[in-house]
Amino acid sequence: MEKVKLTIDNKQIEVEKGTTIYKAAKQLGIDIPVLCYMNLEDLGIENKPGGCRICVVEVEGRKNLAPSCSTEVWDGMVVNTHSMRVINARRTVMEFILSDHPKDCLTCAKSGNCELQDMAVKLGIREVPGQEYAEMSEYKIDFSPSLIRDLDKCIMCRRCEMMCNEFQTVGALSAFNRGFEAAVGPAFEMDIEYSPCTYCGQCVAVCPTGALTEKDHTRDVINALADPTKTVVVQTAPAVRAALGEEFGLEAGTRVTGEMVAALRRLGFDYVFDTDFAADLTIMEEGTELLDRLTKHLNGDKEVKLPILTSCCPAWVSFFEHNFPEMMDVPSSARSPQQMFGSIAKTYFADKIEVKREDLVVVSIMPCLAKKYEAQRDEFKVDGNPDVDFSISTRELAHLIKEANLDLKTLPKEEFDTPLGESTGAGVIFGATGGVIEAATRTAYELHTGKKLEDIDFKQLRGLEGIRKATVDFEGTPINIGIAHGLGNARKLLEDIKAGKSEFHAIEIMSCPGGCIGGGGQPLHHSDSGILKARMKAIYEEDADKPIRKSHDNPYIIKLYEEFLGKPMSEKAHHLLHTCYFDKSRKVEIS
Amino acid sequence: MHLLVCGGTGCRASASDSIVESLKQELENKGLSDEVQVIMTGCFGFCEKGPIVKVLPDNTFYVEVKHEDAVEIVDEHVIKGRQVKRLLYQDPEKKQSISDSKHMDFYKKQIRIALRNCGFIDPENVDEYIGRDGYMALGKCINEMTPQDVIKEIKDSGLRGRGGGGFPTGLKWEIASKNNADQKYVVCNADEGDPGAFMDRSILEGDPHAVLEAMAICGYATNASKGLIYIRAEYPLAIKRLKIAIDQAREYGLLGKNIFGSDFEFDVELRYGAGAFVCGEETALIHSMEGLRGEPTIKPPYPAEKGYLGKPTNVNNVETFANIPVIINKGANWFNKIGTEKSKGTKVFALAGKINNVGLIEVPMGTTLREVIFEIGGGIKDGKKFKAVQTGGPSGGCLTEKHLDTPIDFDNLIAAGSMMGSGGMIVMDEDDCMVSVAKFYLDFTVEESCGKCSPCRIGNKRLYELLDQITQGKATMDDLQRLRNMCEVIKDTSLCGLGQTSPNPILSTLDNFWDEYVAHIKDHKCPAGQCKDLMKYVVIEENCVGCTACVRVCPVGAISGEKKQPHYIDPSNCIKCGACIERCKFDAIIVK
Amino acid sequence: MAKIKTLADLKKMREDLQSKVDLREKADSPESYVQIKVGMATSGIASGAKEVMDFLIEALEKRNIEAVVSQTGDMGYCFAEPTIEVQKPGEEPIVFGYVDIKKADEIIEKYIKRGELVDGIIPQNYQVIDDKDNKKA
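Residue numbers (numbering that gives the first Met the number 0), protein chains in the order written: chain A, 0 to 590; chain B, 0 to 591; chain C, 0 to 136.
So that you can see chain A by itself, here it is in the shape it has in the complex (with noise of 0.2 Å):
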């Protein structure tokens, strides 16, 4: 590769060529302040539209200051980034975009996490000039089951929108109007729910204002806990554990599964159940239909489908049933953990407790925004009563600790309850991209060869690259194994199957960066993948350190079926454990 010599701030570097002054700073320590630049380096996501305008550095010879973010460096290229005309062309850039943006920072759901915010610190930002008649933006706020958009805080950095249509392809959202009243939404200013959005949520994880943030249902969760006619159980997905300490000030990747059930049995929730005892629950379902297909398969029937996908994702659901449609049976149809766990708390262990449905609550802890969503779909409701009342991310879990005065650093770490709180080292690598498949491979493998795995663990079903494929030998028959995480990278998938291409007999689809671990309901990663990776190695600690590594070893599962569901695939399963999907594609008629 090709060098260059460049000076910044009178040091001297040596770079490759191609490096953009932004970068080319910062391995010298230099940290120039971006706004809209983001960069998930491990991922290959980088958004620089080159728009805010904030990195601008002085550049010798060049007429006009330069965006650090987007301009590449030259052999003996000299930068000043903190020259008067710098910092006030900066401050200057910052009151204009202050001038446009509201000041209810004491009331915004970003307050303390807000990008914005910090800048207008580290640029001592102390008035912004003409305010008194300055115009500021107006969009109505737009309410959806799970995400909220309230346009007026919109700092045009797009980053939401190279997610959605880069990373995810789902096209929901765009800039619209021009000039002062641009702003980044769905077409013709739409409200989201009427869009091709999955509420995969990751447009609120990138946002760095508060314009794009979760629905809120904390309120609710604390109304039903100090509702004593209520029984409140609460389910924690896998992804949470590894990322909630992070709202407290620890390492991203501490393990503190220990402290999130204490701090949840204090918040007042009378049972406190994990998710992962319904994700080896989705292995034995999702498994035994793989395994069915794949004899079928084997043994010659043309007409079964394969690839089967999985289908724990609820944002990559609404995706296909956007997209897709005319392949909606080509993934699996077993429900996703969140609403396997509902299904059965509200029934198996409702019955056991002798409480009647509509007193159970159950409450889930979500990595995901999607998952709100799809806890109200009304597929997944029993006469109104969903199986899940209320899914909340982990970001509202911390605050709703934070607001019961709880430190999570300072709690013991505490058990989950069982029968529903029991779970595997399967169940934790849900939260990983390619965990699930793992998982999977992990029971199926047992159950088709008859063998014991000796080695559990498929390191080559593991990592952050877009697209994976390996093939695991079953005993002489050679299974194709593909791995998509990102809606982009799915869809890639999908066509080739679309097209015959395809030569996987199963493939695990995650919307979100890394899986669960980059969920939109994660605390913010602002554009450091560092933490992304951080989750996920706690993921496959967790799954180390547990004493049983495989779905169909977890003996609470054996007891569910011997006492309630009989086999997997049953007629109780098939009804309790599986669903059916629906065509979202809408065509828009322009006249």
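The set of hints was computed from the structure by calculation and includes no laboratory data.
What follows is a list of derived Cβ distance ranges for each label pair:
hint, chain 1, residue 1, chain 2, residue 2, range
1, B, Gln480, A, Ala225, 56 to 62 Å
2, B, Ala273, C, Lys4, 38 to 44 Å
3, B, Ile243, C, Glu108, 43 to 49 Å
4, A, Ile124, B, Ile413, 32 to 38 Å
5, B, Ser17, C, Glu115, 48 to 54 Å
Covered, in the sense of this in silico footprint (three residues per stretch, anywhere, with C-beta under 8 Å from a C-beta of chain A), are these stretches of chain B:
hint, region
6, 285-299
7, 443-449
8, 456-463
9, 489-497
Note that beta-carbon positions come from the ideal geometry of N, C-alpha and C, so glycine has one too.
Given the structure of chain A, go ahead and fit chains B and C onto it with the hints provided.
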């Protein structure tokens, strides 16, 4: 005998097509249809006096013709050979009628290269274009020149982009030619957006084949086989004529495969824009053609490397292309003798504002502003005093008296604090308030910013608001400092040319009309008497006879006073409608 | 329409088509051509000026003489109708009277081609029409 009738959009708006009809009808009535041809041409440029009818071969130039004049033109001129004197142009200075356009000041100093065929040929007839050496340049390139020769010829000619930036055209072609790809594109930027500029439209309407020929030449030079014309949908006549021209060129095999029997293949398609100013910026234009949001992206990569659909693309504007066939036919050495050292050839300007001869002109680079405004333009309307001329559209600046003798070229205009832009020239007189002028342009840029970068999206709005405060007399001297700082930061930090130049109208008026700003702020007065909020209607007591006429006409009851006593206008109620002044017979009410 | 396959095709076509716009081309820079103005007021037409004009246009084209023939108003020599004014490039205009077809032929052959003077020249004691009119105005 030929009767040429202007068929530009301006003259057509004054029903020039009905003139054609009437002339044809009248000629038929007199049995002269075979001998006299009526031809609808492109714009003659002298729009102030349109519709225009030119009679050839004696070169009589009739102005402000109406369809009912057809009978007289045919009876008198065609049959009897007598000019219709009342339709001749009257020279305002010499008070003489002039029959031949060559003797009119408006045309005297002009050299027409880009506009050579406008007002001369029937743009809907390819044969007329061929009769004027049309497609000879393309034939010459393909048969006698290598692509490198063509590029060298254009480089040697010194032609610079006429769209505003002034980038050397030959160099642009060379860069595009050096980037190898399986497919390359030639794009014609016909997204003319400067307020008041209409040269590109006139060329497309008057000489569409010249642009097609030039695009094909560019395709040959850069090894591109596809041409795209990005044209605003608001130009229906230009679109119609382009479509006809493309069809005709295809029929003759001048577009398509194996042009002039060679391997060279080139075809042109139209792409429509929705009239966003920012789409004149080449990266925004390309995104718009791709079906994406019309907003600019950072360069590099330049379109010559990664343009339309990611392929090398050469973008030139209409006027630039219109120069190409002439350069090839007459040679670089002919072309580069016209103009100044660094700006070769001619430039088309659209004259507008408080000037006698509004219209489209083409002059050699290096012509002074004075020649353009006072000779060609015929000076200021109603004998008022010249105050400023705004060049370069919303990106340009206001130049004053002291710049009048500056030879116009790319570099001189920038040095003077303005720019060439696409060639709009708006002349202002003593009645124009320069703060309001700056506000007018900012209103335009606020509207036309794409909204991508913060300084342009928000900053321009804040500039507009502060100018508004000044025109209301609500600003302070500190605000002027802040205004200048905002302008400089917006120029310094904006992503594309729009924001990098949008503060120019403010900066140039701050430099040249500082006192006028100060008057608004310190004295709460608008020297030009244009800012309504700063006007005060007062009664001159000595003149007021107390007739009460003003009291009766005031719509808001702001005037009071006893009969036969001097009256009083309450400034807090007065809406400055001017009704009282109009009514007062004694000149007793004035605006202060 | 036939395709233009070679540059020669185009050149030939241009030759044919040039006459279409020729009139305009020459009108744009008449000083480089022979200019002939035919007096075509009512009296001129009555005495056969139109025929003369038609003849001139045709004959000049046939004989490959680059010329612009145009009509003009009354030249003020009604006694000598039809009258024509001929101006060769770089020379003073000369007015001929009593021009019929025969005379016109002679003017072309002798004066225009060879520069010999022909009978019937009317002495130059007039001003250009425009000037006269402008003075009146």
